[in-house]
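Trainee: Please build the complete structure, drawing on both the sequences and the hints.
Those protein sequence lines, which keep their order, are chains G and Y.
First residue of the first sequence? That's 66 in our numbering, and the numbers climb one at a time after it.
First residue of the second sequence? That's 1449 in our numbering, and the numbers climb one at a time after it.
Please note: incorrect hints may appear among the correct ones.
[To be verified] 25 Å max Cα-Cα, derived PhoX-like pairs, lysine-lysine:
1) LYS376/G - LYS344/G
2) LYS102/G - LYS1548/Y
3) LYS143/G - LYS1640/Y
4) LYS456/G - LYS474/G
5) LYS344/G - LYS1506/Y
6) LYS524/G - LYS1506/Y
7) LYS451/G - LYS514/G
8) LYS514/G - LYS222/G
9) LYS233/G - LYS201/G
10) LYS268/G - LYS124/G
11) LYS451/G - LYS314/G
12) LYS1506/Y - LYS102/G
13) LYS201/G - LYS211/G
14) LYS102/G - LYS456/G
15) LYS1506/Y - LYS376/G
16) LYS1677/Y - LYS474/G
17) LYS403/G - LYS1530/Y
18) LYS1555/Y - LYS124/G
19) LYS206/G - LYS403/G
20) LYS174/G - LYS403/G
21) LYS1530/Y - LYS102/G
22) LYS1530/Y - LYS1562/Y
23) LYS314/G - LYS1506/Y
24) LYS1530/Y - LYS201/G
25) LYS1530/Y - LYS376/G
26) LYS403/G - LYS328/G
27) LYS1548/Y - LYS468/G
28) LYS524/G - LYS445/G
29) LYS124/G - LYS1530/Y
[Stated by the list, open to error] Computed footprint of chain Y on chain G; a stretch qualifies when at least three of its residues, placed anywhere within it, have a C-beta under 8 Å from a C-beta of chain Y:
30) 123–135
31) 321–335
32) 373–386
Calculated from the structure, these hints are not laboratory results.
In this text, all values refer to a predicted model and were calculated from it rather than measured experimentally.
The beta-carbon is built from N, C-alpha and C at its ideal position, and this holds for glycine as well.
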Amino acid sequence: MQWKKSLKQLAGALALFAGTALSTAPVAAEELGYPEKEELTFGFIKLTDMAPIAIAYEKGFFEDEGLYVTIEAQANWKVLLDGVIDGRLDGAHMLAGQPIAATMGFGTKADIITPFSMDLNGNGITVSNDIWEQMKANIPKQPDGKPVHPIKADALKPVVEKYKADGKPFNMGMVFPVSTHNYELRYWLAAGGIHPGYYAPHKGDISGQLEADALLSVTPPPQMPATLEAGTIYGYCVGEPWNQQAVFKDIGVPVVTDYEIWKDNPEKVFGITREFAEKYPNTTVRLTRALIRAAMWLDENNNANRPEAVKILSQSNYVGADYEVIANSMTGTFEYEKGDKREVPDFNVFFRYNATYPYYSDAIWYLTQMRRWGQIPEDKSDDWYKDLASKVYRPDIYEAAAKSLIAEKLAKPEQFPDFATEDGFRDPQTHFIDGIVYNGHEPNAYIEKFPIGLKSGQKL
Amino acid sequence: MTATTLATEKLTGIRLPRLDSRFLGSAIKYVALPLAGILVFLLLWSVTAQRIDTSLGKFPGPAAVAEQFDALYQEHQRSREKERAFYERQEVRNAERVAKDPDYVPKIRAYTGKETFIDQIVTSLVTVLSGFLLAVVIAIPLGIAVGLSPALNSAVNPIIQVFKPVSPLAWLPLVTMVVSALYTTPDPVVAKSFLNSLITVTLCCLWPMVINTAVGVAGIDRDLVNVSKVLRLPALKHVQKIVLPAAVPMIFTGMRLSLGVAWMVLIAAEMLAQNPGLGKFVWDEFQNGSSDSLARIMAAVLVIGAIGFLLDRGMLALQKLVSWDKGISQ
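Mentor: Put into structure tokens, the structure is as follows:
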């Protein structure tokens, strides 16, 4: 009869409805959807620490996520940042300070976020042969005649004083006004009593050379050895392989690595625009997954894969420098003076020590240094620092990627921080070259601790 | 012996060269002397290179460069292999996805790897020929008009003289800005770097063609012009039947000059505009600073020279084809 048929249809419909409802009920980890945008273009600068991007491509980690990535070298950091902002690049290997500065409005204003920290350490400060000869006299020696490390800028101070007395400007190079190298070089110089100069953006002066003993200016990384050789600069702070390149070609001597200035400091991040992350959430999580897998591969089995990584990086479309030059730092040694090779096993860290987690405290450190040198012209409250950091650094995306990798058995929970208790701040850090302790929860108190640098209440 | 020579010609239709002093003379002129010149150059290059020590290693000699040619070819082969593997993987992945999600429309994406040296040569050739053709289309009509009308000549001449010496590197930033502003489609057919290089090439190689065409047209024989007047030829017919054939030698001279200039300008423009051609190859190698870099740059220099030479010869062959005066040799 008619009503029996309708009842059957109704029952069938209900059953179907119940079935779909149950199957889409939230499970422990939500199934990650397909990427919305599959063809991506990533930019990078020719530095050893672009490795996670190269490895993710060459080892097929991007393709595993359904992403077809074209990787393009960029001419310099400005072109790279502009490329991400105007959409020519979907994402890029960026200096840790770039997303922060862009969101803050120092330089071009744009909302850039980062869900992934690419590595720790990896930089060095190199001086020309001439300057090294003058510095050597001021450095204490070990019993075997080699200089005692870490070499502090105290040894450089008499040289800078001499140049000042002679009326010659003491020029040094760094990579970008908001680069880690700039802040590390300034930190090292200031710890030795050399003033690296202030910025005064509110007055229109962004040269960073106000009241400076040493004049810092921008040079793209691959051109640094050439500029040092030409005598335009007397020293520079840059990432590898450009310090080892200088030693290999007999142009200069690396004197200190940033590992010695600040042990396990954050270095590069992977930057994307906030619009990209909002428009393509699955794509963002998937590319983070691929990068995490690449980072894990790089540090696997106590760096067993590093030689293969170096071979990939020495291809001309990636870093292009000679295998031997890149291999040094990637395989745990660093050559200072020619012939003085020392063990620095953690010179490049890609995954150990939670290197890939984007900690708020890392972002805040950069902000404190920006305030110290005047790029942030006036005082801000501790909360301002924390708010800005949480806008730019996105551990939530990192967490989603990591958890989905764990669910698919591609990673183990022990390899990541405990997401349930992690608040995004590292413990107070003590291994700085000048011994000052950094606690990310108290940025203003930290800024007060420095003999050289703007203090609270100071405005140029 | 005369008898044998004649016999072979009858049998085979091929005329064997007579081994007399005339043959020997031309053999020396066209084969032995150039060969000797090249060998002496290679020797000098090799000796000098050994003495120059740059911070990137010894200046590359012929052996190092030959090695790099081989390396570049090997890289090209390997890249093609990877490309094949890439497409295979893509097919597999698309098939898997369609099996899981029947609504998915599979798409074949272009290979994402970097272009090889051979690809870059092709890109450079395409760019230079496109830029040159655009220049031809603008310059030759303009040159004919200027040549035919002394008034137009006086009017346009200052502008030509002022723009002729401008270097491509000065045009490039302007061209880049204009292209960025005007070419804003979300789905570009050609890359902006290609357009930038193309337009810069056109702007620089325009001028020799205009000048030579104008001179060629203005200088045709008065008698020919009188014939045209007597026959009362309409303007277009005058140009087609009288002016063009008479001016062809000068026009082609202009075109050959322009093509030479275009090729030189292209390499510079590519370095800055980052068009993926030979200019970019040289720039990238320089940036890399590896110990192979100088040898690779030298290899690129030789290829650039060889292509320039071939382009010129090609133009000459075209000129012979079109010209009524088949006696032209150089």
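Trainee: Indicate, hint by hint, whether the structure satisfies it.
Mentor: Results for each hint:
| no. | hint | verdict |
| --- | --- | --- |
| 1 | LYS376/G - LYS344/G | violated, 36 Å |
| 2 | LYS102/G - LYS1548/Y | holds, 19 Å |
| 3 | LYS143/G - LYS1640/Y | holds, 19 Å |
| 4 | LYS456/G - LYS474/G | violated, 31 Å |
| 5 | LYS344/G - LYS1506/Y | violated, 52 Å |
| 6 | LYS524/G - LYS1506/Y | violated, 53 Å |
| 7 | LYS451/G - LYS514/G | holds, 19 Å |
| 8 | LYS514/G - LYS222/G | holds, 21 Å |
| 9 | LYS233/G - LYS201/G | holds, 21 Å |
| 10 | LYS268/G - LYS124/G | violated, 49 Å |
| 11 | LYS451/G - LYS314/G | violated, 44 Å |
| 12 | LYS1506/Y - LYS102/G | violated, 47 Å |
| 13 | LYS201/G - LYS211/G | holds, 10 Å |
| 14 | LYS102/G - LYS456/G | holds, 24 Å |
| 15 | LYS1506/Y - LYS376/G | holds, 23 Å |
| 16 | LYS1677/Y - LYS474/G | violated, 91 Å |
| 17 | LYS403/G - LYS1530/Y | violated, 39 Å |
| 18 | LYS1555/Y - LYS124/G | holds, 22 Å |
| 19 | LYS206/G - LYS403/G | holds, 16 Å |
| 20 | LYS174/G - LYS403/G | violated, 43 Å |
| 21 | LYS1530/Y - LYS102/G | holds, 23 Å |
| 22 | LYS1530/Y - LYS1562/Y | holds, 11 Å |
| 23 | LYS314/G - LYS1506/Y | holds, 12 Å |
| 24 | LYS1530/Y - LYS201/G | violated, 50 Å |
| 25 | LYS1530/Y - LYS376/G | holds, 16 Å |
| 26 | LYS403/G - LYS328/G | holds, 24 Å |
| 27 | LYS1548/Y - LYS468/G | holds, 23 Å |
| 28 | LYS524/G - LYS445/G | holds, 12 Å |
| 29 | LYS124/G - LYS1530/Y | holds, 12 Å |
| 30 | 123–135 | holds (count 6) |
| 31 | 321–335 | violated (count 0) |
| 32 | 373–386 | holds (count 6) |
Of the numbered hints given earlier, the model fails hints 1, 4, 5, 6, 10, 11, 12, 16, 17, 20, 24, 31; all others are met.
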